[in-house]
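As they're listed, the protein sequences go chains A and B.
According to our numbering, the first sequence is numbered sequentially starting from 197.
According to our numbering, the second sequence is numbered sequentially starting from 197.
Misleading hints may appear alongside valid ones.
The list treats identical chains as one, so a pair stands whether inside a single copy or across any two.
[Unchecked claim] With a cut-off of at most 27 Å between alpha-carbon atoms, the simulated DSS-like pairs for lysine-lysine come out as follows: (1) K407 - K228; (2) K217 - K205; (3) K213 - K354; (4) K213 - K275; (5) K341 - K213; (6) K228 - K341; (7) K341 - K354; (8) K275 - K205; (9) K407 - K354; (10) K275 - K228; (11) K217 - K275; (12) K217 - K201; (13) K341 - K275; (14) K407 - K389; (15) K354 - K217.
Keep in mind that the hints were calculated from the coordinates and are not lab data.
If you're wondering where the values come from, they're calculated on a predicted model, not measured in any experiment.
There are 2 protein chains.
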Amino acid sequence: MTLSKNRIKYIHSLELKKNRKADNVFLAEGPKLVGDLLGHFSCCLLIATSEWLSHNRHLPLEDVTEVSEEELSRASLLKTPQQVLAVFRQPEEIIDFSVINHSLCLALDDVQDPGNLGTIIRLADWFGIEHIFCSPNTVDVYNPKSVQATMGGIARVKLHYTSLPELIGSLTDIPVYGTFLDGENIYGHPLSKNGLIVMGNEGNGIGEEVKQLINHKLYIPNYPADRETSESLNVAIATAVVCAEFRRQAASL
Amino acid sequence: MTLSKNRIKYIHSLELKKNRKADNVFLAEGPKLVGDLLGHFSCCLLIATSEWLSHNRHLPLEDVTEVSEEELSRASLLKTPQQVLAVFRQPEEIIDFSVINHSLCLALDDVQDPGNLGTIIRLADWFGIEHIFCSPNTVDVYNPKSVQATMGGIARVKLHYTSLPELIGSLTDIPVYGTFLDGENIYGHPLSKNGLIVMGNEGNGIGEEVKQLINHKLYIPNYPADRETSESLNVAIATAVVCAEFRRQAASL
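The shape of chain A in the complex, shown without the other chains (with noise of 0.2 Å):
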């Protein structure tokens, strides 16, 4: 079968967010994401290569189109298409500010990357992070190059966009954690196993109504700590080592 030019059009356009808005739905590419996508999410149109499909005959899937790998690759929005894409309906969600009370959860406060996104996401999977909070001028989650770079965490990680000052507002007695240049060394500081890790923009850090809010200010160390060296961390880099000693000193508590 071939790929009507509406259709080609059409995946193209869900690289803008107003396009994805308007039929709530986002894309995904490739054998691996798309298998694990396939499990959690509502899929509306599919378009494979036979190899895919020969072997995923059991899938009850609906609108399917058979292509070549050429026609695949007219598509695709990646660089090396792979074998199938398939857009999936948003899930709608339902956010519950309660969770922060029982368990660990991010923030982020305007990051703008749609890669930094979706590698956060994909590290919050690994650490057992199930919910991230997002200012509204966070990047959206469904950009194709989030969707990509979650690797599939995408499923089981739940993204609420809200406003963070009222979020943390509603909070009482509940640690909210950022990083900051004159934080406190994390390694010397006990962490919780619930609460709130506040990550900031790419270029301008947490921003200042979010930083009066928050009641712990971190600090990953360099080394040596007097050695001349970059002035920060990507922000997925910090994140990943925040995350990471957050569930180091649970495991060993």
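On the provided structure of chain A, position chain B as indicated by the hints.
Just chain B now, kept in the frame of chain A:
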């Protein structure tokens, strides 16, 4: 002054390794990064707005072109061009394997993504790792995307492209670490202040030949240990968690 078409073409040509190699140069963009690199690398050519130049009159620069922001955007490889771009000469590398005897170094076995490589250089800089040994198939450090992602770390961290089996084979009594899904929990494993940490390719991990030469197999525990999660961490993320733990242990000794 206006930019000639040839000059714009030349700058764009530096996206390709063979063109960078032909002239032994690389490209960097933005006031922060170019400012950092000017103190460390020889600059062959610089294109900047009057705003940037007015703040940098003191620099002894040779081939400088003042351009409008619009013209800069025609030369730039960035989505959002930033005041200045510069072409630098690649430094001559002098490899001295003995650094591994007395300091902690990284080895990258076919890391493919330029963003990952740049991010690893940036975090190596933070954690005081001054030498990274790369397998010949590792992506070129002078790829513009790598250079940008280092955020200046490329000025301090030295990269050496060499056969990893030969390198490791030449070492005696040096700990060689790598991360594996069946490795030992890194938090229960005493880590040394010298040696080599090997990180693998994004899709395939550490190659078979190098794997045989690793004498400390480590594992970054997920959380909680019995939960279904993604199967792996991004290579830059894993590198960060490992390096942070080496430095935590070193600082607490």
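Intra/inter-copy verdict for K341 and K213 if alpha-carbon distance must be at most 27 Å:
both (12 Å within a copy, 25 Å between copies)
Between K217 and K201, at a C-alpha cutoff of 27 Å, which is it: within one copy, between copies, both, or neither?
within (22 Å within a copy, 41 Å between copies)
How would you label the pair K217, K205 (within, between, both, or neither) given a Cα cut-off of 27 Å?
within (16 Å within a copy, 38 Å between copies)
When no copy is named, should K213 and K275 be tagged within, between, both, or neither for a Cα gap of at most 27 Å?
Result: close both inside a copy and across copies, 21 Å intra and 18 Å inter.
Between the shortest in-copy and the shortest cross-copy C-alpha distance, which are at most 27 Å for K228 and K341: within, between, both, or neither?
Classified as both: same-chain Cα gap 15 Å, cross-chain 26 Å, threshold 27 Å.
Checking K341 and K275: alpha-carbon separation at most 27 Å within a copy, between copies, both or neither?
both (12 Å within a copy, 15 Å between copies)
Within a copy, between copies, both or neither: where do K275 and K228 come within 27 Å Cα-Cα?
Within. Shortest intra-copy distance 16 Å satisfies the 27 Å Cα cut-off; inter-copy 30 Å does not.
My question is about K213 and K354: at a cut-off of 27 Å on alpha-carbon distance, are they close within one copy, between copies, both, or neither?
This pair counts as within: shortest intra-copy Cα distance 18 Å, inter-copy 40 Å.
Taking 27 Å as the upper bound on the Cα-Cα distance, should K407 and K354 be classified as within, between, both, or neither?
Within one copy, since 24 Å is at most 27 Å while 36 Å is not.
Copy assignment of K407 with K389, given that the CA separation must stay at most 27 Å:
Within one copy only: 21 Å inside, 36 Å across.
I want to check one pair: K407 and K228. Are their C-alpha atoms no more than 27 Å apart within a copy, between two copies, both, or neither?
between (39 Å within a copy, 25 Å between copies)
With identical chains, the pair K275 and K205 could be close in the same copy or across copies; at 27 Å between alpha carbons, which is it: within, between, both, or neither?
Close inside one copy (17 Å) and across copies (23 Å); limit 27 Å.
In this structure, every one of the numbered hints holds.
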